[in-house]
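Undergrad: With the hints as extra help, turn the sequences into a complete structure.
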Amino acid sequence: MKKEPFVTNEQLTELVKQFPTPFHLYDEKGIRANVQAVKEAFSWNRGYREYFAVKAEPNPFIIRILNEYGCGCDCSSMTELMLSDALGIRGEQIMFSSNDTPPEEFQYADRLGAIINLDDITHIDFLEQTIGKIPETISCRYNPGGVYEVSNGIMDNPQDAKYGFTKEQLFEGYRILKQKGAKRFGLHSFLVSNTVTNDYYPALAKTLFELAVEIKEKLDITISFINLSGGVGVAYRPEEQPNDIRAIGEGVHKVFDEILVPAGLGDVAVFTEMGRFMTGPYGCLVTKAVHEKHTYKEYIGVDACAANLMRPAMYGAYHHITVMGKEDAPCDHKYDIVGSLCENNDKFAVDRMLPEIEKGDLLVIHDTGAHGFAMGYNYNGRLWSAEVLLKEDGTSELIRRAQTPKDYFATFDCFDILKDMKYDET
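First residue of the sequence shown? That's 3 in this note's numbering, and the numbers climb one at a time after it.
Hint data in this document are derived by calculation from the structure and do not stem from the laboratory.
For clarity, every value in this text was computed on a predicted model and none was experimentally measured.
No incorrect hints appear here.
Using 27 Å as the maximum straight-line C-alpha spacing, the simulated DSSO-like pairs for lysine-lysine come out as follows: (1) Lys218 x Lys185; (2) Lys220 x Lys169; (3) Lys256 x Lys41; (4) Lys208 x Lys185; (5) Lys180 x Lys169; (6) Lys19 x Lys328; (7) Lys256 x Lys169; (8) Lys169 x Lys208; (9) Lys169 x Lys218; (10) Lys19 x Lys361; (11) Lys220 x Lys208; (12) Lys290 x Lys19.
TA: The structure is reproduced here in structure tokens:
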């Protein structure tokens, strides 16, 4: 399969005249079509809501687009709660799923009326001491331990994850929460990251739906909502078959009707908390070839680095690369595509077969719309890039300006590092 950019070479040539590389570019048309597909895939469930994982792409312009389609926010920190609040997304439009949570973050989530999703049984007392009560609506995060398997094999090892209650703790936790005044209960689980299979959500749903029935039978507690969290991934490699969200939604529907409806739980709302699937394929990192090096290997140095996209350096993640204007040229040159950090893992591609690259060529690094810009950092004093939205009508909008040295030094309140420096912000 061929992986094509959502932007043409002609469009990009014009964009770089306005926005210096590197920058992250987002496809508004693609995002809108995808969120509509998600909404339709789960429309069979009256209470369905997607809580977009803010950590994947914490940009108010993107979140506002998703919110137009009814998406809430899955927040995990104070600043993510603040961003949601600033956009007018409050109350049960927020799912606060955090771990090792500072008290002030629980307090703020409670003030906003967010649904608090507890990560551990000890957090019940901690939450009550922190906010002076147990909210009437509360959720608990379940970790089944062991390994998690679906029809196509082992997916992950929940027992190694730091998240969630054991089953024994979960049942005890619900008992305690009911005694302390909780009236509406949720069940949440996140077991696998970035699955490229239509089987994961239905398999997880079966696990959680059966658990909800058991909770009702043993505790006389009715689960009001079941949150399948994230884990639905994207096809980073051209040879991978992308997930079919409609098939996934129908798979969840099937087990819902098989398990929950006969148990008298047909009113349970289904929630999701996708980030990667919602925006991942609809973002790319645009960078320019600035150097070439011929030593033991052939290197192409670009003006982006791991500070702009950490995933390849952090865990060897694959991101497809298109050399713009050479989409149909033979991939007959083997390159390492590298950035400028003083770290040898600062490589966007290793031994990648690509068309011949010349200095000045524009490269599109695909699928950076989630966990791309968001994972940026300032090592080596490298600055965060701009974010640009390619709008449905073909125009563009700057949705986050590039960081400047003034921004970088702004927290040195006790040392005015720019005072005597010959530095022009322009």
